[in-house]
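Participant: Sequence order for the protein chains is A and B.
The opening residue of the first sequence carries number 1 in UniProt numbering; numbering runs sequentially from there.
The opening residue of the second sequence carries number 1 in UniProt numbering; numbering runs sequentially from there.
Because the hints were derived from the structure by calculation, they are not lab data.
Honestly, I wouldn't trust all of these hints.
What the hints assert, rightly or not - Distance condition first, Cα-Cα at most 30 Å in a straight line; then the derived BS3-like pairs of lysine-lysine:
| hint | chain 1 | residue 1 | chain 2 | residue 2 |
| --- | --- | --- | --- | --- |
| 1 | A | K89 | B | K74 |
| 2 | A | K82 | B | K74 |
| 3 | A | K37 | B | K19 |
| 4 | A | K77 | B | K74 |
| 5 | B | K74 | A | K61 |
| 6 | A | K82 | A | K137 |
| 7 | B | K117 | A | K37 |
| 8 | B | K19 | A | K159 |
| 9 | A | K12 | B | K117 |
| 10 | A | K75 | B | K74 |
| 11 | A | K210 | B | K74 |
| 12 | B | K19 | A | K12 |
| 13 | B | K74 | A | K37 |
| 14 | A | K159 | A | K77 |
| 15 | B | K117 | A | K210 |
Stated by the list, open to error - Pulled a few chain A residues facing chain B out of the computed Cβ check, cut under 7 Å:
| hint | residue |
| --- | --- |
| 16 | P27 |
| 17 | S63 |
| 18 | K77 |
| 19 | T204 |
| 20 | M227 |
Claimed, not checked - Covered stretches of chain B (chain A as the covering partner; in silico rule of three or more C-beta atoms under 8 Å from a C-beta of chain A):
| hint | segment |
| --- | --- |
| 21 | 4-13 |
| 22 | 88-101 |
| 23 | 116-123 |
All C-beta atoms in this analysis are idealised placements derived from N, C-alpha and C, irrespective of residue type, glycine included.
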Amino acid sequence: MALTPADVSWIKTRITSIISANSTAAPASIRRILPLKDLQGKLYEAWVLGEMIQQLSVNEKYSIHLINSGTYRLKQKGTEIKRNYPYFKVFDSKNTLIGEIFTDTEFSSLSHVRLRGAPWLGPSFHELDIVLFSPGKSGRPSFRNVLIAVECKATTIHKSTFREVLGFRRELGLLSHLNPTGFTSWPASTIASDPPSVHLFYSTDRGILKYTANAAHFGIIVNHLPM
Amino acid sequence: MTPEQATEIYEHLIEEMEKNGFGDITRQVFTRQQERYESPDGRQERFSPRRILFDYMDDSINILEQMSGHHYQKVLSRLNENLVEGYISEIEVELNDESIYPLQELPSYVELINELKSIRSELSESRNN
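Assemble the whole structure, with the sequences as input and the hints as a guide.
Facilitator: Written out as structure tokens, the structure is:
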């Protein structure tokens, strides 16, 4: 059926009504000191954390133990390792501790380590949404201690986002031939990086998939993971 | 729906989104469309007003679905289902001023999403004049 002018008017009224009814919950609204859309990104970070735990459990047969059970606290801004916050210990099938998972935690960058004696400034470290460090680390561990680095974006991917990811990869390791990661299959058994950390990039936007091959060349695995 | 009606509804939708704090959704939709339809020589293809309206609605619905707080319980369950030891009872965010935001309080967009889906469905059933 064709639309009459009255139909169009009715549809416009419904649009106005439903959108204005949600205006206080809009992404532009501010909740305390953080825009709502950034808090929505934190829920996605928790979703990706669940995905990582599942993949390590199912594909690598690892056992994941939560330390400091109860409320899981994410952080607006990255910090050094805080062991009084919840984190995870990852054991292999022989009950050997292979690593520890932290969220919103910083690592010392490759450039800082190479610039021996450089002052400790902002560019000396970067924040990872989720990171699996080799066990027993403290402070801001070196890039050499990163086993899996995870970034999460619950938003639309711009080309500039991909350039940002490439820069991040550079601070985690150098491009190399394929090196064994120590994992059987997930997230990858080999990676084009020295040291062989696996850099995972998750997005809710399917558009990320067009960067798959280019990212893999630099040791980055991109994933489209909707909630 | 005539091309003029599609354009009228499309412009109204964008205006209401912007006016009510959802302007970021529109900007994300435009970025997606730019990335998706960019031809190799950099020129964007041209589409009918009807297609532009439906693409905008589909992308907006998809973006809102990914931002909605109604996923909270599903996220919590998934976090717990593979833990050998320990249990997560809730998820919160520590803000820079050390205050706490419980993610359970994130707004749900389910009603907005459902109404936009319903309008989208009715429009797609209307004859293309």
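Participant: Hint by hint, note whether the structure agrees.
Facilitator: Structure-based check of each hint:
{"no.": "1", "hint": "A:K89 - B:K74", "verdict": "holds (23 Å)"}
{"no.": "2", "hint": "A:K82 - B:K74", "verdict": "holds (27 Å)"}
{"no.": "3", "hint": "A:K37 - B:K19", "verdict": "holds (17 Å)"}
{"no.": "4", "hint": "A:K77 - B:K74", "verdict": "holds (25 Å)"}
{"no.": "5", "hint": "B:K74 - A:K61", "verdict": "holds (23 Å)"}
{"no.": "6", "hint": "A:K82 - A:K137", "verdict": "holds (10 Å)"}
{"no.": "7", "hint": "B:K117 - A:K37", "verdict": "holds (22 Å)"}
{"no.": "8", "hint": "B:K19 - A:K159", "verdict": "holds (28 Å)"}
{"no.": "9", "hint": "A:K12 - B:K117", "verdict": "holds (14 Å)"}
{"no.": "10", "hint": "A:K75 - B:K74", "verdict": "holds (21 Å)"}
{"no.": "11", "hint": "A:K210 - B:K74", "verdict": "holds (28 Å)"}
{"no.": "12", "hint": "B:K19 - A:K12", "verdict": "holds (14 Å)"}
{"no.": "13", "hint": "B:K74 - A:K37", "verdict": "holds (19 Å)"}
{"no.": "14", "hint": "A:K159 - A:K77", "verdict": "holds (24 Å)"}
{"no.": "15", "hint": "B:K117 - A:K210", "verdict": "holds (27 Å)"}
{"no.": "16", "hint": "P27", "verdict": "holds (5 Å)"}
{"no.": "17", "hint": "S63", "verdict": "holds (4 Å)"}
{"no.": "18", "hint": "K77", "verdict": "holds (6 Å)"}
{"no.": "19", "hint": "T204", "verdict": "holds (4 Å)"}
{"no.": "20", "hint": "M227", "verdict": "holds (5 Å)"}
{"no.": "21", "hint": "4-13", "verdict": "holds (count 5)"}
{"no.": "22", "hint": "88-101", "verdict": "holds (count 13)"}
{"no.": "23", "hint": "116-123", "verdict": "holds (count 4)"}
The structure meets every hint from the earlier list without exception.
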